[in-house]
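Novice: Line order of the protein sequences matches chains A and B. In case it helps, my numbering puts the first sequence at residues 62 to 494. In case it helps, my numbering puts the second sequence at residues 459 to 960.
Don't read these hints as lab results, they were simulated from the structure.
Restraint ranges, calculated between C-beta atoms of paired labels, are given here:
#	chain 1	residue 1	chain 2	residue 2	range
1	A	G172	B	G918	33 to 43 Å
2	B	N926	A	A293	50 to 60 Å
3	B	G918	A	E328	32 to 42 Å
4	A	P266	B	Y913	50 to 60 Å
Since the structure is predicted, the reported quantities are computational estimates derived from the model, not experimental observations. Glycine included, C-beta positions come from ideal geometry on N, C-alpha and C.
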Amino acid sequence: MMLSPLSPRCRRAERPSSSIVARMMRTPIKQAKAAVYRLLTLLLVTSLLVPAAAKGESPAPLEFRLTDTCPASFELQDGGCVLRNRYKAYRSLRDAGVGGLKTGLPLLREGFTPQQIDLGRYLFFDPVLSADGSVSCASCHDPAKGFADGRAQAVGISGQTLPRSAPSLWNIGFFSTLLWDGSKSSLEEQMQGPLYSPVEMGNNPAQLLEVLNGNPTYRTLFEQALGSSPIALDQIYTAITAFESSLISLNSRYDLYAHGYHAALNEEEIAGLNVFRSFVARCAECHTPPLFSNQQLAVLGVADAPGELIDLGAEAITGDASQRGAFRVPSLRNITRTAPYMHRGQKATLEHAARFYTGGRGHEVPEGESLMIHWHIWEPQLTDREIQLLATFMGALTDEAFMPEIPTAVPSGLPVTQARKFASGNDVGFGAQ
Amino acid sequence: MPKTAGPYKQPIGGQTMFNLTTNSLYRAGASALTLWLAACGAQATIIEVREGERIQDAVNQAAPGDEILVYPGLYSETVYVDKDDITLRGVVEGGNWPHLDGNKQLNDAILYSGNGFSVEWFKITHYKGNAIMGQAGNNFSIRNNWVINSGVYGIFPEFGENGLIENNILSGIEDAAIYVGMSDYIDVRNNQVFDSVAGIEIENSRHVLVEGNLAKNNTGGILVFITPGLPIKSSYDAIIRRNFVLDNNTPNFGIPGSLVSQIPAGSGIIVMSGDEVIIEDNVITGNNNAGIIVTSQDFVTEIATDTGSDPNPDAVQIRDNVMFNNGASPEGEMKLLMLTKFSTTGPDILAYQGATAAERGSCISRRNAYRAHGVDDWADCDSPTIRATDAIAGREPSDSTRAMATKMLPEPAAPRVINDDASGAEIVYQGICAGCHAYNVRLIGPPTLAIQAQYGEDAGSIAAYIANPEKKRPDFPTMPPQDHLSEPMRQLVGEYMLALTN
Chain A
62 MMLSPLSPRC RRAERPSSSI VARMMRTPIK QAKAAVYRLL TLLLVTSLLV PAAAKGESPA
122 PLEFRLTDTC PASFELQDGG CVLRNRYKAY RSLRDAGVGG LKTGLPLLRE GFTPQQIDLG
182 RYLFFDPVLS ADGSVSCASC HDPAKGFADG RAQAVGISGQ TLPRSAPSLW NIGFFSTLLW
242 DGSKSSLEEQ MQGPLYSPVE MGNNPAQLLE VLNGNPTYRT LFEQALGSSP IALDQIYTAI
302 TAFESSLISL NSRYDLYAHG YHAALNEEEI AGLNVFRSFV ARCAECHTPP LFSNQQLAVL
362 GVADAPGELI DLGAEAITGD ASQRGAFRVP SLRNITRTAP YMHRGQKATL EHAARFYTGG
422 RGHEVPEGES LMIHWHIWEP QLTDREIQLL ATFMGALTDE AFMPEIPTAV PSGLPVTQAR
482 KFASGNDVGF GAQ
Chain B
459 MPKTAGPYKQ PIGGQTMFNL TTNSLYRAGA SALTLWLAAC GAQATIIEVR EGERIQDAVN
519 QAAPGDEILV YPGLYSETVY VDKDDITLRG VVEGGNWPHL DGNKQLNDAI LYSGNGFSVE
579 WFKITHYKGN AIMGQAGNNF SIRNNWVINS GVYGIFPEFG ENGLIENNIL SGIEDAAIYV
639 GMSDYIDVRN NQVFDSVAGI EIENSRHVLV EGNLAKNNTG GILVFITPGL PIKSSYDAII
699 RRNFVLDNNT PNFGIPGSLV SQIPAGSGII VMSGDEVIIE DNVITGNNNA GIIVTSQDFV
759 TEIATDTGSD PNPDAVQIRD NVMFNNGASP EGEMKLLMLT KFSTTGPDIL AYQGATAAER
819 GSCISRRNAY RAHGVDDWAD CDSPTIRATD AIAGREPSDS TRAMATKMLP EPAAPRVIND
879 DASGAEIVYQ GICAGCHAYN VRLIGPPTLA IQAQYGEDAG SIAAYIANPE KKRPDFPTMP
939 PQDHLSEPMR QLVGEYMLAL TN
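Chain B with its partners taken away, still in its complex shape (with noise of 0.2 Å):
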């Protein structure tokens, strides 16, 4: 078997296989799909990449709309992906999965930055920094991925836009398992947390719809915060609907200095600061220190102040959740608290420091259900009830945000390029050319007036010299290679440069 990937890229369309979500229904298809899209003149193709192979040579040859499909396997590398348009689709056979191993030496096993990635069926074990994270990628999905004691974060996208994660299992995780950071228009939909400090945080994100996930037995399930310090300052409209938050009492294991370690074990949800965090329909149960605590800034201390960053919680609405079983034994400043009210055991619901104001505009449904406090001067949430009949019928409360799928964008954000076109070539030649040559001054290199002199129209002439530059003039030096611009676009570098008049 050859060891690089190339013999084996095949033609495929690539938007055609987003649809399949199993690999057996991809396998079986493939070849079919193959004839189709061949006759079609689909451009995508398929990298495969074996044992043995490294995955970073199939993403470096890959183009924008390729997928890559990774065989059962053991591998040990970091992929990081800064194309747009690619996909990594592990190919799990009779139970094999292709297993990314870091050995606790390597630092993250998939980092990305460019638009439309996606990456599903990995199992991802033993890497020292983050299993999965993006760093300003849009358009993002990460779902079907595995991912045991790896990692600080276990999926991690920042500064995303519209994205999708969807259907990972994650456990063993010293910070939060799923990290939604400085993002917006995220779904966050039946994952399964565990076992890890936090199970879901939401920071400094807009536009999150945090559904059907699993979390159990982390330090606290589910987060939405505004931490202080970081450049993007806000956190609102997420909804928290129909999870499972469930006893969250693992003892606190996270790292010194970071901010979950200071979350009391036995936390099931926990708002600091996030505004309009609508909490519906969850159920909530044997979290041993509190089921909700909604709080401000003031919940975190060793933390430098941040004056932009708003530190209370305003407009949370805590709607029809099933909770019991909470507050058994509630820890340090919690048991403290609760004291004061004459109990010995935790709350359902806790709000307090900057939360308990009404001018807050918070509110609560059925407030007498739980054993609540600091909720006095909530206004009361509508909290309507569904009828099966109703349900089936599809009439849905106005009021509930039951009826809303999604958070993600109806369209996907829009795409980072410089287009090879006119307005494209004035960014490239004022950008770089324009630090060389002047119109009819000498600068470093040759007067734009003498080079179209000598080239008149031929911008062609141009765009291949300016690929592959040869000492010219004597008393210049030589011009530094462009060839990281496209052809096309050397082109139209030429054309601008030629057509210039002052």
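In isolation and in its complexed conformation, chain A is listed as follows (with noise of 0.2 Å):
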């Protein structure tokens, strides 16, 4: 593999627009209230790119290059970055990539190009993919808050609270079941929720298309990366879902405890380890390694507030009243970064949501309400001190050395936007109690 300067592994290169608007734009912005940022974002998307896109003026110097190599622990096979890892070497029944500690993990999506990875890259930070300029994907998956945002329930475009808390992304290549109600099955389809709901990027195909087609930047990359013009949609989605796929989480001490080497987590570990994946905790039979997700929906009782539940789950998507609060299981991996916890932030800490298991079968279930809840929820009495084994055990599926570079400059030359600070934040659960 041969490495442009420009384009160097893992670390890539920026080489930020010279614009003069780029450069006024970057550091009072980011001092500036929302409103007055949202207003002059909007018009910079408005007034410059789109007329200057009409008016057919000669594209602008290629100041982003992307890379040739693939980002790490992926190596160039057949011209697409293929996963080298060692859950590699490991089958699981039935490929199902469910099981204990030496258990291969589901089906990848990999094989995209560096290329397409790294133009999704882009475009993951780039809040011209929101209607006003104001968000990118990283507003509620920011790389620094574990590729969520570390609040309750996630802040669409306006400013709005939208009804669930933002899932991490790591390892989401591996996910063929996802968002909370497990409604969609591939990262393609799922990206279409967030970039065209009024509430949280705002965005419409059309005005994505034009925009994006609008930016010489943008349609040379995509010709690079996808090759043809003018940019598709499928295309858009495809370089993201590569991008996303590339996110990942499998070296954490865990992981060196489950290939073999056992001094890598201490004795409250293994014992918290042992309490996890007990038959009273039962923790490990819907959090299954090596995902430390069964990618499966279920019924847990968890209130949405005191008393309440609000939020149906799968049944709102199915109408089925035995989904009535179905929910799938998240991943555990790098749980410490994405508090509070649950689909709607109700528990602040893991030892909260830990406790959540030992409260008794439907303890938080509002009167009046009858819920199918899931078998494995019971009253396993578990004791503080188990409690605590278990946050600390999924303290060491902690792992991010394979972080992405963020951009320091997006082609649209938009600031790169990360989670948001809003006066009215709801980063404490009730479950904090």
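Assembling the complex is the task here: the two chains are given apart, and the hints tell you how they should meet.
Specialist: Below is the structure:
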């Protein structure tokens, strides 16, 4: 694999746009109030980018280069990036990707080219994907917050509180059950939800295509990565899927233990692992290694607010009353980075989340509700020490060694966004009580 | 006596020991074997554990192929085995067993994830979770254990391939005494299960032989289920053969919310959604609800729908079974159902819900011999008669399962190893090293080119350094130690790194 000096492996060098507007935007806007910020970025998109393209001006000089190198732990094979990981030496029963310590993973979305992955990275961090240029994917899936946002409930384009918590994207390329209600089976399908939801990124396909096709840099990059123009929606989805599928976290200390190096975990962590996989706590029955999710729907009976069931989960999609309050089992990898927990952030800490499972079957189910609580929810009578051991063990599932480089600039020239700070934060669920 | 098991390590041949099934035999031959195997250069060792010592300490010091002998006495611990090819063998002396007791405080008695795990001759009581639980261990053997009032499940291999559960005696279990869950190629033979909610449960598993067991006085005797909501969604190719399924009339004391808490007392064999289940040559008597129930997932309520899971049982074969005195006092739903058939007693055989249609492809032998309902549209299975002369001559009718000795694999499931060779080194390099070292670019660590310039062809020095790194370059962080890699692997990875050209 040959490396261009401009596109080193992993740490991709950025060549930020030198345009005056982009330079002006960066510093002052960061400190501006949200409203002003959105107004200005809206102005930027509508009055600068689109008209420039419409006038058919000559494309700006190429200042963004896509890397020809695969992300860390991927290797170029037949033109595509293929994961190299020790779990690939193991099988899993019926290739289900669930089991114990030395168990193979589910099928990964892999084989994307380095350029597709890199293009996806720019798109992921580029607020141009939202209706008013104010939020990017990274606004709710912030690398610094485990690719979630640290909030109980995510915040939408106009500052609305969304019904659910933003899920982490680490290892998301292994998942074929997506969203909290499990209603999507591919990332391409899934991302159209937030992109076009009026309360999330607020965009629509026509505007998205218009803005991207109006950006000469993106046109060039898409042509390099996906080989045809104009930019089509499927190409956008492919590139973002390529990037998201490259977010690999499989080298935690737990993983060293799983591969046979038992000194990687200390005594407390091993004791925690044994509580975790015991048939008393039963965590591993649904949070099954190696992904720490079995990708099934489960009805836990966590109240949305004290005495309230607001979010119907899978029932809202399927209309099947037995799936009332059913949500996808999330992965626990890098879980210490993504508090608060549960679909609505109801539990402030891992201890709170773990303690829910020993509170008794249905103890939070509002009166009058009848939920088909999962059979593994029972009364394990976990001790305080066991709760603490569980949290300790989950801490050993942290690995962010293959954190992708966050671009310092994106082709739109808009400021790179990460999780936003709103004064009206709802960062702590009621479970903190 | 030293506290640790260390001084008692002695070399033996682990593989040879697998053939010895009784401890007295072992003890008589041990010293001769030791000598013989020492002469043959065998690698495996025996580690002895006696009362007052911890079994886990022996497991921690054991290497693959080793055998841990546990002498009679009381042990109170959770033993976990995350290594391959470990044998835990109890030594029973004059009727005294090594006894694992959880005082209703400890979670599970024995947890294993390694391949090739064997556990036998233990008495296990009073754990909160399971007595013996496997998570993705293949090629296991669980034999000759005695489990009383212990846990949710007595023996529960999960995600396992190729295993034997034989000659165990289990009672007083709150769910299934023996539970084969999401596993393939398993034999469950000659066990005795009683006074539990479920005797033997085969759930979301394939290629299973349940033979020669005695299931008595449970709530339900033998179950073959597809449970919705699990990640592996099928259950097919199970043979239930030559079992005694007797008087399973114990009132249900299942844990609220568990699936088996919905099983009506008095149920002999229940097939819920399972496919290609052959029930043959069993003795099924005195089950007060029904002898055999074949049904769909409608059988259980209060469980969320799983659209990925086929609710109906297909291709069930009820062949020659001796059945009488079943259904003396049907329970709840069954009672109502039988009243619609103008009967106050339960049936020998009931197919209902999604099980009755001809297109399910199920069949029954000698249908007129039984009080059977819901099988009118089922085909006739052939019901060959075996004469004594046939049996002696080994002549078996080709359409019977009687000649099939096992569902286990002819060869063990493949080992899960990363070989100490070039391909293993590539996996390690790309999976770990490449996170910090790129070829000609600075990442977290220095570029591979710079390392090549420094070490030339001296992979040995890289191998030594990465086991115990020290800070070398002021502008780079100290490398984390890689002593989790074996010495040969460190050498190979060093060679791989020095040979890289891009």
